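Residue numbers (my numbering), protein chains in the order written: chain A, 1 to 402; chain B, 1 to 255.
Hints in this document: simulated from the structure, not taken from any laboratory. On a predicted model such as this, the values are computed, not experimentally measured, just so you know. Watch out, some of these pointers could steer you wrong.
Okay, the calculated bits of chain A under chain B, using three or more residues with CB under 8 Å as the criterion [claimed, not checked]:
1. 4-15
2. 23-33
3. 99-113
4. 345-351
Here a beta-carbon is modelled for each residue, glycine too, at the ideal position from N, C-alpha and C.
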Amino acid sequence: MNPQFEHLYQALTKVDGYIYPNEIELSWSILIVLYPFITGLVAGAFILASLERVFNVKSLKPTYVIALLTAFAFMLVATMPLIFHLGQPLRFWEIMITPHLTSAMAIFGFVYLWYLMVVLLLEIWFDYRADMVVWSKEATGLKKWLYKIFSLGISDVSPESRRWDDKLGYIVTVIGIPSAFLLHGYVGFIFGSIKANPWWSTVMMPVIFLFSAMVSGIALVMLVFMIVNYIRKQKIDMLCLDTIAKYLFYIIIIDFTLESLDQIHRFYEAEESFEIISLLMSGKLFVTLLIFQVLIGMIIPVISLGTMQFYKPKEKIRQGIYLVTGILVLVGIFFMRWNVVIGGQLFSKSFYGFTSFKLALIGPEGFLMASIWLIIPFLILAFLLWLFPPWKKTQEEHVSVE
Amino acid sequence: MKVAKENQSRRSFLKNAGMSVGALLVTSALPPFNAILFAANKPKGKGIWYGIAIDIEKCIGCGNCAKTCKTENDVPPEPFFFRSWVEQYTIKNDGTIKVESPNGGIDGFTQSVPDGEIEKSFFVPKMCNHCAKSPCVQVCPVGATFESPEGVVLVDDTYCIGCRYCVQACPYGCRYIHPTKNVVDKCTLCYHRLKKGLNPACMENCPTKARISGDLNDPESEVSKFIKTKNVYVLKPHLNTGSKLYYNALNQEVR
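Modelling step: build the complete structure from the supplied sequences, incorporating the hints.
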């Protein structure tokens, strides 16, 4: 037997009921789970940043730059799992050069570039330009040159030029909010528009993706904010932390409501695919859906964050609760992506049976490779925080442009 | 005077430039809206327009079609890659349904349900439906999957990036990733044979002539007459894929 197909012969023995013969192997594996997960973190982190900037939630100020840099670090990696997943990775640029516009996937490159280049990069640049000019005079060696290069030679630090930076940055943020919505709503549409798959094909999908993105992004920034402060041995601004937790609480409730609505609708209408989907939910997806996604990722966080809205224990305890809750939320949203991507391929489109999925440890689609794609953004973020330390910025209030 | 003229020309330059940019923006904004209308459009279908007809009453489950297809089209021999396969449906007395397709039916079938429990049993040959509003063509991000002018859905394997979106989009499970080419592969209705005026290999080798193909636009073609005279049905009609594979005597249990 050709060892290339060994896993398929194994999978063949695990088929439950009838599946089309081409359906043994899942087309999209862990890398495609990472794709909406990482993109969601980007969109969510950015939306948190814009809460401060555009909606003037002053208490979130300490997280503004951290949120932007987090979004940027993850955005740089967002396409990598996609490209490495392709059967022909070297042909990925075809999607940019000859996009086939009826495909929901075709404009991803453009949405991505728009968001990365126009929104994130510009906003961060406007925010840091004057600081970079100042730092380029103080720093030595590599840092000095990096600041010089990144400030693009625009060395004006007059109050007037800073006001312009701020104004333009504000405009970019305003454009950025619908862009963040577009980015992740669009990712949801990639799945939601597949009419062949009843587990994916729901008009709610983009909305659910958007709100779950906000949930995961806010949780991530909350964790990064806490960890950065721990590492720097700084006292955490509790007003800020409580405010993030409050927003996280609200958004989880919205997300939970939307997802419940989707499932209630599915059960109530009980269409042709209902039987296979209910078997899927109570069988193959029981642990990842009901335990990880719903219980760990939603119910426990709602209870813990909800309690914090009425009862505020000592700061240390609160921090501990936020830390654990943040991690649970991220685990929950990761499994939400898992349940969408993997779950949607476990049942046959004949609705007569199931295939199985076993995550390999090594290989391009293995657990280790997936972990690497999740660790790299944190390394990038650490580098960004070293190069652009938010705590060394000249503390100036954003000019309010109302 | 000279200055004024220069100003004027600059203004007209700006005006023209502005109008061109505006026009470019407007026109570039239009295609995405057209793009939404893929499945909502009427199929084109001028000239020869291939369709397929399969008579379930005639199929004996010999698996010749599936076997021939693998040989003719260099489909990998392993039982995970099929352009064409046969399913055996068995509806039991208690109403439960058993579907089987061991090795796509290539090695023939045995009935695993005891005779006394069987209400009815039949074979359903499956292949690409060559849909007129094909979801796979719709979702291909680079246009590597396309519809030929004769209505045959084909893949350009030098162009496919292997993203597998089309595999997800096909409601009938007719696509697979070729294990050595790393691009998608599917039934071409033996396009290479059609172009020479020959029948697809699976139809040529069907001993009971249960499957035929031909021009749907020609009312005198065998396939047109078949559709006209029998109670034909397509798979998953509610998905509105514009399937051009018509089955005679298709049970509602078949999906």
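Going through the hints against the structure:
no. : hint    : result
1   : 4-15    : holds (count 4)
2   : 23-33   : holds (count 5)
3   : 99-113  : holds (count 10)
4   : 345-351 : holds (count 5)
Every hint, counting from the list given before, is met by this structure.
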